[in-house]
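**Q** Protein chains in written order, with the numbering used here: chain H, 15 to 266; chain F, 15 to 266; chain U, 15 to 266; chain B, 15 to 266; chain V, 15 to 266; chain L, 15 to 266; chain A, 15 to 266; chain P, 15 to 266.
Watch out, some of these pointers could steer you wrong.
In the SDA-like style, the derived pairs of lysine to any residue whose C-alpha atoms are separated by at most 25 Å in a straight line are [unchecked claim]:
id: 1; chain 1: L; residue 1: Lys265; chain 2: A; residue 2: Pro127
id: 2; chain 1: H; residue 1: Lys265; chain 2: P; residue 2: Ala117
id: 3; chain 1: A; residue 1: Lys265; chain 2: L; residue 2: Asp181
id: 4; chain 1: L; residue 1: Lys265; chain 2: A; residue 2: Glu161
id: 5; chain 1: P; residue 1: Lys129; chain 2: P; residue 2: Ala117
id: 6; chain 1: L; residue 1: Lys129; chain 2: A; residue 2: Gly133
id: 7; chain 1: B; residue 1: Lys129; chain 2: B; residue 2: Asp47
id: 8; chain 1: P; residue 1: Lys265; chain 2: H; residue 2: Arg165
id: 9; chain 1: U; residue 1: Lys265; chain 2: H; residue 2: Arg165
One-sided and incomplete, this derived list gives chain A residues near chain V with beta-carbon spacing under 8 Å [said to hold, decoys possible]:
id: 10; residue: Ala28
id: 11; residue: Ala140
id: 12; residue: Val170
id: 13; residue: Ser171
id: 14; residue: Gly172
id: 15; residue: Met195
id: 16; residue: Val202
id: 17; residue: Ala222
id: 18; residue: Gly225
id: 19; residue: Ala232
id: 20; residue: Ser236
Note that these hints are calculated values from the structure, not bench results.
Owing to the predicted nature of the structure, the values given are computational and were not obtained by experimental measurement.
Where a beta carbon is used, it is the ideal one built from N, C-alpha and C, also for glycine.
There are 8 protein chains.
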Amino acid sequence: MKTQLKEILEEVRAGSMSVDDALLKIKEQPFADIGYAKVDTHRKIRQGTPEVIYGEGKTPEQIIGIARTMLQDGQQPILITRLQEASAALVGKEFSNLDYHPASRIGIIGNWPEKDGIGKILVATAGTSDIPAAEEAALTAEAYGNEVVCRYDMGVSGLHRLLAHMDDIMSASVIIAVAGMEGALASVIGGLADCPVIAVPTSVGYGASFGGVTALLAMLNSCASGVAVVNIDNGFGAGYLVSRINHMEIKK
Amino acid sequence: MKTQLKEILEEVRAGSMSVDDALLKIKEQPFADIGYAKVDTHRKIRQGTPEVIYGEGKTPEQIIGIARTMLQDGQQPILITRLQEASAALVGKEFSNLDYHPASRIGIIGNWPEKDGIGKILVATAGTSDIPAAEEAALTAEAYGNEVVCRYDMGVSGLHRLLAHMDDIMSASVIIAVAGMEGALASVIGGLADCPVIAVPTSVGYGASFGGVTALLAMLNSCASGVAVVNIDNGFGAGYLVSRINHMEIKK
Amino acid sequence: MKTQLKEILEEVRAGSMSVDDALLKIKEQPFADIGYAKVDTHRKIRQGTPEVIYGEGKTPEQIIGIARTMLQDGQQPILITRLQEASAALVGKEFSNLDYHPASRIGIIGNWPEKDGIGKILVATAGTSDIPAAEEAALTAEAYGNEVVCRYDMGVSGLHRLLAHMDDIMSASVIIAVAGMEGALASVIGGLADCPVIAVPTSVGYGASFGGVTALLAMLNSCASGVAVVNIDNGFGAGYLVSRINHMEIKK
Amino acid sequence: MKTQLKEILEEVRAGSMSVDDALLKIKEQPFADIGYAKVDTHRKIRQGTPEVIYGEGKTPEQIIGIARTMLQDGQQPILITRLQEASAALVGKEFSNLDYHPASRIGIIGNWPEKDGIGKILVATAGTSDIPAAEEAALTAEAYGNEVVCRYDMGVSGLHRLLAHMDDIMSASVIIAVAGMEGALASVIGGLADCPVIAVPTSVGYGASFGGVTALLAMLNSCASGVAVVNIDNGFGAGYLVSRINHMEIKK
Amino acid sequence: MKTQLKEILEEVRAGSMSVDDALLKIKEQPFADIGYAKVDTHRKIRQGTPEVIYGEGKTPEQIIGIARTMLQDGQQPILITRLQEASAALVGKEFSNLDYHPASRIGIIGNWPEKDGIGKILVATAGTSDIPAAEEAALTAEAYGNEVVCRYDMGVSGLHRLLAHMDDIMSASVIIAVAGMEGALASVIGGLADCPVIAVPTSVGYGASFGGVTALLAMLNSCASGVAVVNIDNGFGAGYLVSRINHMEIKK
Amino acid sequence: MKTQLKEILEEVRAGSMSVDDALLKIKEQPFADIGYAKVDTHRKIRQGTPEVIYGEGKTPEQIIGIARTMLQDGQQPILITRLQEASAALVGKEFSNLDYHPASRIGIIGNWPEKDGIGKILVATAGTSDIPAAEEAALTAEAYGNEVVCRYDMGVSGLHRLLAHMDDIMSASVIIAVAGMEGALASVIGGLADCPVIAVPTSVGYGASFGGVTALLAMLNSCASGVAVVNIDNGFGAGYLVSRINHMEIKK
Amino acid sequence: MKTQLKEILEEVRAGSMSVDDALLKIKEQPFADIGYAKVDTHRKIRQGTPEVIYGEGKTPEQIIGIARTMLQDGQQPILITRLQEASAALVGKEFSNLDYHPASRIGIIGNWPEKDGIGKILVATAGTSDIPAAEEAALTAEAYGNEVVCRYDMGVSGLHRLLAHMDDIMSASVIIAVAGMEGALASVIGGLADCPVIAVPTSVGYGASFGGVTALLAMLNSCASGVAVVNIDNGFGAGYLVSRINHMEIKK
Amino acid sequence: MKTQLKEILEEVRAGSMSVDDALLKIKEQPFADIGYAKVDTHRKIRQGTPEVIYGEGKTPEQIIGIARTMLQDGQQPILITRLQEASAALVGKEFSNLDYHPASRIGIIGNWPEKDGIGKILVATAGTSDIPAAEEAALTAEAYGNEVVCRYDMGVSGLHRLLAHMDDIMSASVIIAVAGMEGALASVIGGLADCPVIAVPTSVGYGASFGGVTALLAMLNSCASGVAVVNIDNGFGAGYLVSRINHMEIKK
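Using the sequences and the hints, build the whole thing.
**A** What follows is the structure, given as structure tokens:
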């Protein structure tokens, strides 16, 4: 943003832009306002980075409107998270290249970018029921240009199942640990791995699991160092963050 | 209790006890009322079983009064839990054979019973800070006639430390797993052991550990089957229960 | 597991197994990986012990796949908990010997093992509405080879109903106390019985019962010693644990 | 209040009171404003009913000021609840007839009224540590003219201790059940008694007792009908309410 | 119960009852065991007191079974609370005299008893949406032989509406205050009335009303003395308790 | 109210009103009692102020009844909040001029008043999903005679979108900030604006947003001074309050 | 801020400011960075508006450092909230004109501004213990140039005490309602007043008041329209907001 | 760990290690058991990586014992977190080169490693009171070989203060955002930065900040993508994790 500001100021100084135009530019440039939403058109500069639409609480019409604005702006792929099956059907009518994953409720319009991250991302789940959140994380990371390996049902109640994946754990550059119930997977992986671990608590469980709160709290209190946590069932957030980690750069 | 009732009824029938005496007996017999407390004098029948005084919220005078009543009734050893250091000093003046453990705040008056349980009890902790609750559990189990093995600082963040105690885990007849923070120890031990596991959440931790609530919830949601949980920092309760388990008998 | 490790090392030493094969064996042996799940095939060694499938959050196809892998491995009976009625219909098409209990949502494939526990297990409920959780506990315990006695509607608001079952309470080797609302049943039974008591809070109640949280908290704070607690509505967990208690053995 | 209003209006009509005086009277009459407090002087009409000062968060000076205003108005006895020991010393210097109870932190200035309630009030506690709250309830009820019987340490973990007091339970006209931890006393007494039961949860306990919240919730969910609950440790509130119940009258 | 025990003992002494018969009598007499429920048949002694069936979580078949056992025992009227409309239809087929109130989900079989309480009961609500819980309270109190006056929509946001009912408040012998949201009605009525006030928090509200928890907490913290609280939406519990209060008797 | 009281007293003095009539007048005047509701007819004095019906938990019949009473009293416009679509259909049959907004579930009967507030009200939302609550606030404020400007999707994750509306923020006389999730919009606007800011937390979000509780708590803890908060999704409350603020007057 | 930006751009255009200087100016101008704090020096433009230092968690040295920076910038009066007594002593040594209020823990350096608000602000408390929070609100409002009237101990349990202040309520332009316990004062005042009401929940109470949470929740759920809420014990926040309301202006 | 296992197996095969020695080695090697703790001696292989001692709940003697074991093993620097001032004095007597930071309660024994991370780490706080947690994070990151930049008091209530640090935000490779109260800093930075952001909620605040829970929840619900969260006040955890991120490597 600072760079843009400097350019605008330079133009003002050079007389090639009026003060009022400059003010207008600062205010209006980086998004398109379509009433119910302000679509960020700023990200396309960094080629290949998909913009994301959070589908929950939006009508299919709103989703289509936002996606259309983004495509007109040249952005792709477009990731739509929390996209209900019924909405997906309508969105799919508008965009025939929509790739919809019902379990993780993710829809993708457009093509995968090249995999250009530093290393491999491991997405591990404690149980079979945690797969949807894991899939959301994995698809997100892939959509942002990362190589992803998925290993499911590694829960700590059968430690040998987890230890059997020591190779995957040790060769990953970043790990996403997905677990509901007591969420102990994050602690055990955190204690074994020597790379960053992002934990995703899931709403899998019943009774005193309180819809994922127990897993969330347990992960926040992990006795293993080097574990950070995202919101319950927030596979997207984890996938997005590990992509940032996996694309770390030196800045001057 | 039923047996006692039958005996009283038999005496009533035989005319050796009046109806009013019977009523009185049913009401008054199994405890001694000393005003601020009703001391259970019924347990002495089963030789060697210590009675327990919960020290919190009782004045030293009340503790001494209850202990004196129990000793007059022939009960020993007497276990006093949650006994503050200051109170212990006063109680120790009255009962010179008081054996006081400041870390776990347990006081014991009298001699250990014979170790007559079925097998060995393992008391395992996740960290160094969990030792006081573990000690309360271990001392209680010993006071009830059990052989106890203690292994500390086995937390899951260094899995090799836990695996190094596989022998202890596999040779225990019952296990008490003591952990604060995210309480994952219970799940991992629960998945490895083939004996009953009683989990004790501790108040060790900070922030979102909420004084042990996170460990408690995590343990209740253990993905490993065969784990039950007692109150936060309730080493006594765990020690008492595993003693019952370790003294299981066939009944007719 | 240690024994297995020793055997593998012996074979390596004897030259009858290569180092790489040994590594592979350690990693791959104790389960079958079918993608969405890792099926534990290790338990069949101990004849008669049923493996369990937690049905919630699994598709009927996944349940069938896991069950098939287990049966191919020779395991039976298979316990499926939290099996929805609709899923049960599909699973029943695949396995004609499925025995489904709609109230407790338990499905069982295969035959009951012999009842070889130490004593009798009493499953007691406070009210009529607690029966499903109690049934889950009782069926689980039976599936693991235990004799089970069920007594329903013994709630403390009518103490004479509870006292009428003094015989059952005193003759049980382990007791499962199932109650919702204020969960006082666990405390009262805990005060009367001289055997281990495992409490199951249920989601029965309304308003400030918070879906079983009040019963859970009350049971954790039981003034009676010797009571441990499992998750809300976790009949299976209680049944599994009391079976372990009822099959306690001396270990060397 | 309505009666007073009518009288004022009658005087206005009769011309014996001006409109402005009437307005003033309606506004100013029923209390004395001493700046930091408005002392209710309205209750003295009903002879013998003590006024109450809630001591917490008030300076000794404020307490003395309020008490002095009440005494000038002829009110007595005066009940001061939650009166810290240090404050009591200062208040006692001002009012030499202060009767202070340190355990329940109640102070009383003036003489007991006659015991003119319908029947007897039973105050029962689960344990020794619940006595302070019970004492607050009992003293309050006595200060309001009721006959009170106290029975301590009747907790449900030793049911025979409770049953031994069946006489007290059956002969009470109202019962106050005081308990911490899991608060089961209220349910058991509620199931045995045939009179109104007011439950007082106490902050006795630790860990998941959450300073009395568990007992509070349990009592609110009592499976016994006819139990209502007051705030944690609110012995005063219970004593005040049962006095109202014990002084019930027919109104026309 | 004590009286019955004494009679049994007298018969044993007189030789007119054997010891075994006495034991049996003590255990079996006061209820009928129909498997899924133990029906209390003890209450019929006190003529006119209806027994209550808590309908939630019971099948229509179970409700009918319990009701039939009670009618055979001569009990009536029978109150069925939380009776779903669909269940009511089936129960009504069995008992043609079922009187069903859909808003409060109460069903009554049999005739009203005589109104023999000490005074009048006022049931007051804060809003229109609180009426179902109020109706449950009012019908319960009537079924137990009390005269009941209902005043709805008296919420404190329009104080004049509340003050307009000063007559009802001052002439009531007991008051039930029913309110959701912030539950301030209980405090205001508690400050105006000079009789016992039982508060019923309702689940009316949204957002931070947390299904009635806010009203519950507010009522427990009422600054007005003499208010006790029952569970959220527990109109029955309030109706039952005020009936006990309104039928207070001197006991010897 | 005081003014009315004085007038009544004056008439009593003048003899033009009897004491009993005066009493009646004080009690009955300011509302119409239609059984299930007391309709406030007092507000019509201040011309143009609409009365409000909270639709939740009321039957369509009750809503129609209340509205009819209000219209007979000359009040309009009538605002009906939380009006379900099905109810709106029935209400619309009775009042053909009903203007219903399905997203915000608001219905309005009658004409808008003149916009006579001090300045402009800005209603800003963090995201698209917050629009229904914002619309409820905006429509309410308009119905009470205010000029309202709406700006949607200004969430802090894209700060430039917010800064682009600096003009709107600086020119508003009062601001309503509507946000779910972490609710940071209130803090950022609170830090930029120099007018009163009323924050509306919404239930937008998932997992640890707890139905709006997180946004609510965040807004209450805003590091920006000058922000107050209403209940979750309470657009009406915010709209009503800002109207009061925007109609502030000097009083003598 | 926009105005400032425009001015800078104008200067850049005019050539009187270099692009780099402009960038610097935008970044550095509106505050002074003293390492541990960034002191806002921007507010002095609007004469008479005091800057505020939140004292909690700051060392006396930091407070003195910030105050000195502000005074050098010409700002006064300076309000220091949550200033501990010990800190106040040290701060008072540095600034001899410090005016410290121990009960409300507010310190003020410098002179009161002129009272230039629209109308009068009423600060009302439910009880004597709520006075410190009320005083914080009142002093803040006065420091920002408002006329404030304080009325204490108006709690709803004695409604006549509240009604006696109808004059104050009706003549206020804005009201701050301060209450702990059940916080009903906000609802009752909200129903009586026709001006904006800002509610301050206090931590006054015990047990289930949860340090002010109950009052907070009750106030958020007020059945009276037009009430907004600030954080628990946040007298400053309420005082600041009502000052903004009382200084409302038309903007162009 | 796998590598070590392979080496041991190779030696067993080669006959240079017996089976029993191998078993022993696997169990005992990677830590030193000193009774109350198991000190990890495994990490020294990776030169320069400090081991950490969590000081809370450990006696000074235990801390000294663990540190001594580590130093004997050649590990340094040693980081001691949550080290109380009194303990630090005792530890400092034993290790004269202890560098103790009282505000952040961190102690360091030994020399800083070389700064060899990928880029710069920015540690930003919302306020002055958040500095201790920030300092814990910064010192930890430095102890692990990272270049760290600290910027304090950038809270969103004064957005210009935050924007003034755009340079720091844009030039950081990883950011730690430290904030209490409503924690909005994480969302605003998350929306501006294009690198990973780790949020540290602090216990700064009062009332409904609940000791940091509000900030924690807000950060978990951040509307900005790419933000993960650690426990309340867990500066160490954040510092450790960002060091891992800043030392990301490609693995084969």
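**Q** Hint by hint, say whether it matches the structure.
**A** Each hint tested on the structure:
Pair hint Lys265 (chain L) plus Pro127 (chain A) holds up; C-alpha atoms about 22 Å apart against a cutoff of 25 Å. The straight-line distance between the Cα atoms of Lys265 (chain H) and Ala117 (chain P) is roughly 31 Å, outside the 25 Å bound, and the hint therefore fails. Taking the CA atoms of Lys265 (chain A) and Asp181 (chain L), the gap is about 11 Å. The hint holds against a cut of 25 Å. The straight-line distance between the Cα atoms of Lys265 (chain L) and Glu161 (chain A) is roughly 13 Å, inside the 25 Å bound, and the hint therefore holds.
Between the alpha carbons of Lys129 (chain P) and Ala117 (chain P) the distance comes to roughly 24 Å, so the proposed pair stays at or under 25 Å and holds. For a cut-off of 25 Å, the pair hint linking Lys129 (chain L) to Gly133 (chain A) stands: about 22 Å separates their Cα positions. A threshold of 25 Å between alpha carbons decides the hint, and for Lys129 (chain B) with Asp47 (chain B) the separation of about 32 Å lies outside it, so the pair is violated. Straight-line distance between C-alpha atoms of Lys265 (chain P) and Arg165 (chain H) comes to about 18 Å, which keeps the hinted pair within the 25 Å bound.
Taking the CA atoms of Lys265 (chain U) and Arg165 (chain H), the gap is about 36 Å. The hint is violated against a cut of 25 Å. Interface hint status for Ala28 (chain A): violated, as the beta-carbon distance to the closest one in chain V is roughly 54 Å, over 8 Å. Interface hint status for Ala140 (chain A): upheld, as the beta-carbon distance to the closest one in chain V is roughly 7 Å, under 8 Å. Because the smallest distance between the Cβ of Val170 (chain A) and any Cβ of chain V comes to about 5 Å, under 8 Å, the interface hint for this residue holds.
Using the Cβ-Cβ criterion of 8 Å, the hint placing Ser171 (chain A) at the interface with chain V is satisfied: the shortest such distance is roughly 4 Å. With a least beta-carbon distance of about 6 Å to chain V, the hint placing Gly172 (chain A) at the interface is held under the 8 Å criterion. Checking Met195 (chain A) against chain V: minimum C-beta separation of about 4 Å stays under 8 Å; hint holds. Taken as an interface hint, Val202 (chain A) checks out: its beta carbon lies about 5 Å from the nearest beta carbon of chain V, inside 8 Å.
Annotation: interface hint on Ala222 (chain A) holds; nearest CB of chain V at approximately 5 Å, less than 8 Å. Annotation: interface hint on Gly225 (chain A) violated; nearest CB of chain V at approximately 12 Å, more than 8 Å. Below 8 Å, beta-carbon pairs count as interface contacts, and Ala232 (chain A) has one with chain V at about 4 Å; its hint therefore holds. Among the interface hints, the one on Ser236 (chain A) holds; its C-beta lies about 5 Å from the nearest C-beta in chain V, closer than the 8 Å criterion.
Checked against the numbered hints given earlier, the structure breaks hints 2, 7, 9, 10, 18 and satisfies all the rest.
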